[in-house]
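Whole structure, please, built from the sequences with the hints as guidance.
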Amino acid sequence: WGWDDRPGAAGSSRLRQYDEATASTAKIIPLRPWFDPPSRQAEAPSVTFADAKAPPPAEAKTAEPPSVEPSLREEAKTPPGSTVVIEQTVPAPPLQRGGDRDGGGASGGGGGGGGGGGTPPLHKRSSDHEFRDVLGKGLANARRNLVVVGLFSIAVNLLVLAIPIYLFNMSDRVLTSRSTDTLVMLTIIVVIAIGAHVLMDMMRRIILMRVAVETEARLGGPVLSAAAKAAQSGSSREFQTLADLQHLRAFITGPVLLTMFDTPVSPVYFAVVFLIHPHLGFIVLGSGIALIVVALLNQRFTAIPFNQANSYGARANLQAESMARNAQVINAMGMIPEGVQVWGRETVESLKAQVIGQDRNVLMTGLSKFLRLCTQIAILGWGAWLALETQITSGMVIAASIVASRALAPLEGTIEGWRNFVQARSAYARVKALLLNSPLNLERLRLPRPAGYLNVERILYVPPPNKKVILNGISFQLKPGESLAIVGDSGTGKTMLARMLVGSIIPTAGSVRLDMMDLRNWDPRQFGESVGYLPQDVQLFPASIKANIGRMRDDARDEDVFDAAEAADVHEMISGFAQGYETIVGMDGSPLSGGQRQRIGLARAFYGNPRLLVLDEPNSNLDANGERALAKALVRAKEKQITVVTITQRAALLTSVDKIMILHQGAVQAFGTRDEIIPMITGRKPNSIPPGPGGPPSLN
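Residue numbers for the sequence shown follow the UniProt record's numbering, beginning at 1 and rising by one.
Since the hints were derived computationally from the structure, they do not count as laboratory data.
Warning: the hint list may mix true and false statements.
[To be verified] With a Cα cut of at most 25 angstroms, we get these calculated DSS-like pairs of lysine-lysine:
id	residue 1	residue 2
1	Lys632	Lys546
2	Lys137	Lys229
3	Lys137	Lys432
4	Lys479	Lys640
5	Lys467	Lys632
6	Lys467	Lys229
7	Lys640	Lys546
8	Lys632	Lys479
9	Lys229	Lys479
[What the hints assert, rightly or not] Label-pair ranges, simulated between beta-carbon atoms:
id	residue 1	residue 2	range
10	Ala409	Ala324	41 to 47 angstroms
11	Asn326	Leu158	57 to 63 angstroms
12	Pro679	Ser620	24 to 30 angstroms
Just so you know, even glycine gets a beta-carbon here, dropped at the ideal spot from N, CA and C.
Written out as structure tokens, the structure reads:
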């Protein structure tokens, strides 16, 4: 839950009116589910108490900046002869009050409290992604519905007894007494019982369908959010959890779950057979115990093969997704056979394990069916002998056979559907683990809008599982409005560092701080709105250019989209399209070229007037006009006091930044102002700058 203090929101204008006129009005936080998009937050009505006597707002106090100014010395370890890193001292950022938080027209964040006299809370709990609560409430609601299904299942199974009772009375009473009235009354009663049985069976199936749909509706959004967060390291494996959720829904609506609901009622059928005759009861009980043993053996012998089949199948799906993403490359370079070969190896292993598990399951299913049919023969044969001994009637024999069949059917059905149950259980375990372990599940403090102070402190990055150091001892500081260019050879960790600056990768040691707060402690939504990121491989969504620039937000205002396009100097380019900002981008980025996609991605990074801008090779696909537009964009960013970090290999951008860092084998080789570093780069000969401290060490 949170305050809706964005511009245009219903609560925002009322809060401002209270601050200005000191009206006797109290605002209630609009209640909204966690998955409501920001656009729907703006539509939430504010409930007011007209007679509430609220005190006037407290007078805002100016926050004093800390007296101690943190100093950070670059400690990159380089051998003699290398450039010494220049010491920087950056004052700690002052706390920003409501005016700065809500100011800035381009961001779409102006007006909430800037200049209105009110001082909104500096820290606000942000709990938009309480996945534990979502999962807990979803499970609690599902349990309540499943209890109802269980009650219906008891009634359904008890009503089934109407048929053997009807046959028993037909054989022992109607046929002997030749009473038409008894026949009619018994028939009416059993028809009513069958009708009630069918109605309740329909009701429990409908309830299960609702449970399945509600489960996917409740958990679909959290699962996708958690998967997107988990995939920031570059793996899309977590997105398969959505398929797990769909499999869970299919299991809930399938026949296996209903069979399992019928299983607890089996003791009632056993008791009925015992009431007919103890001998018949022991026959059915022994058969039931044998079926339970078969079920346990089935679980033991099929668990490992089915798990292996699922694991190999997931790898095969990842390979297929990789081929889909790189379709142009594999077609252009004739790599289809190799891709199919990799996919085929995983698929073959999956099919092998699946065949082994399925063969064992079929064997156990056949054994259970054999036991059940033998039980039927034993019931009829022994029942006939008891009838000859006049211990029971022929009608009791028929009734015992039917009831025994109903007693053993759920056990046999459970064995047949055991694989589906195991898969559903594994799917639920993966969904639960993803939700409970997601970083989005943690509560975050809602901080003031950042000013743009960037502090990188002794970053060490050792990605698993190869234990090779990618980044070692990276440290620097930037003040708001400063710009930094990071250069270096390929494979030195520049892109990894860029991802780390936007929180996509967590350092093994050290920290990245924005306005003195570690990126891990920022609310993800607020941090994302304060950061612009242009990755090396720009991907656009299949939507309009306007939607892509507006970051797919429903509440994106036209003026904010235009401001972002102007800041990135792409408005003229977009205006040249037949549909302008409404031009639809295809799945493959068509009709845009690589350079045009990169410029649209730059405009998206500028959307919302971010305080930190990280650009990874922003000019890799640009022509001369694009280079000039990018240079203008960097100038505009400096005018707006946006902190900019640029990864580049081209000297053209170096004249547009304040500072330059040279990375070599994951360590800082040189760091300083533009005027200090450019002569080193332009005047050096190949290998004239001494290398860093050897290759990155390996952790053994």
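Quick rundown of the hints versus the structure:
1. Taking the CA atoms of Lys632 and Lys546, the gap is about 21 angstroms. The hint holds against a cut of 25 angstroms.
2. At most 25 angstroms may separate the alpha-carbon atoms for a hinted pair to count; Lys137 and Lys229 meet this at roughly 22 angstroms.
3. Only pairs whose Cα atoms come within 25 angstroms are accepted, and Lys137 paired with Lys432 is accepted, the gap being roughly 13 angstroms.
4. Only pairs whose Cα atoms come within 25 angstroms are accepted, and Lys479 paired with Lys640 is accepted, the gap being roughly 13 angstroms.
5. The straight-line distance between the Cα atoms of Lys467 and Lys632 is roughly 41 angstroms, outside the 25 angstroms bound, and the hint therefore fails.
6. Restraint check: the Cα-Cα separation between Lys467 and Lys229 comes to about 23 angstroms, which is no more than 25 angstroms; the hinted pair holds.
7. For the given pair, Lys640 sits about 22 angstroms from Lys546 by alpha-carbon distance, which is consistent with the 25 angstroms threshold.
8. A threshold of 25 angstroms between alpha carbons decides the hint, and for Lys632 with Lys479 the separation of about 20 angstroms falls inside it, so the pair holds.
9. Note on Lys229 and Lys479: the hinted pairing is violated, with a Cα-Cα distance of about 28 angstroms set against a maximum of 25 angstroms.
10. Separated by about 44 angstroms at the C-beta atoms, Ala409 and Ala324 satisfy the suggested range of 41 to 47 angstroms.
11. At about 59 angstroms, the beta-carbon gap between Asn326 and Leu158 stays in the expected band of 57 to 63 angstroms.
12. Restraint check, Pro679 to Ser620: a C-beta distance of roughly 25 angstroms satisfies the suggested window 24 to 30 angstroms.
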